[in-house]
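S.K.: Sequence:
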Amino acid sequence: MADVRDTAYVNLRRAVSLLVNGNSVAFPTDTVYALGAPVNYISCVQKVFDIKQRPMNQPLPLLLGAERDVDLVACDISDVARQMMHDLWPGALTLVLRKKPFVPDIVTAGQPTIGVRMADHPVTIDIIKWVDVPVVGTSANIHGLPSPLTACEVESQIGDKVDLIIDGGKTPGGVESTILDMSTDMPRILRQGAVPREVLQKYCSIY
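The numbering of the sequence shown is the working numbering, which starts it at 1 and goes up by one.
20 Å max Cα-Cα, derived EDC-like pairs, lysine to aspartate or glutamate:
| no. | residue 1 | residue 2 |
| --- | --- | --- |
| 1 | Lys-47 | Asp-163 |
| 2 | Lys-100 | Asp-132 |
| 3 | Lys-170 | Asp-126 |
| 4 | Lys-100 | Asp-185 |
| 5 | Lys-129 | Asp-71 |
| 6 | Lys-47 | Glu-155 |
Treat the hints as calculated values from the structure; they're not laboratory data.
Model the full assembly from the supplied sequences, consistent with the hints where possible.
M.R.: Shown next, in the form of structure tokens:
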């Protein structure tokens, strides 16, 4: 059974210690609760797939601690994409970009692209900064079931599998991020979420 804790910063430090040692942690973001793993810790990433019962052919998104972290995991980033990051991050926009070799293939399911965003939640940002690398951040649910908005919902789905759940109350967003593919010259929305198409069209044509 998972240890459900509050958001006191001493517990954030515990979460970081667990993550860097290959353990699983669920935490609140600005959209839904996420299940995390350091991007470069392959066995920990594998645990995320196992806990969620997620097919291995489905890529995992990354959460960044700062806008500049994107250059660690992505390349060939357009000026338009950078402007979106500057204006819309932290926030509920995931950008799909060409990945760098630093990102293991298990994270991207062997694909040449990676989805990245910076969540607008202090718990999320602090965890990633202290882990010191971007963190896989997929919804903390069993694959195919509703994304959890509270720690209790996480507990009910994966509480017997995850090592720590940080209880930050109900997530403020409740709607998952919009996913925009910016890896080609023809940007397209892969998932409509919290950021509406009309906002994105101010930056570029969306196909």
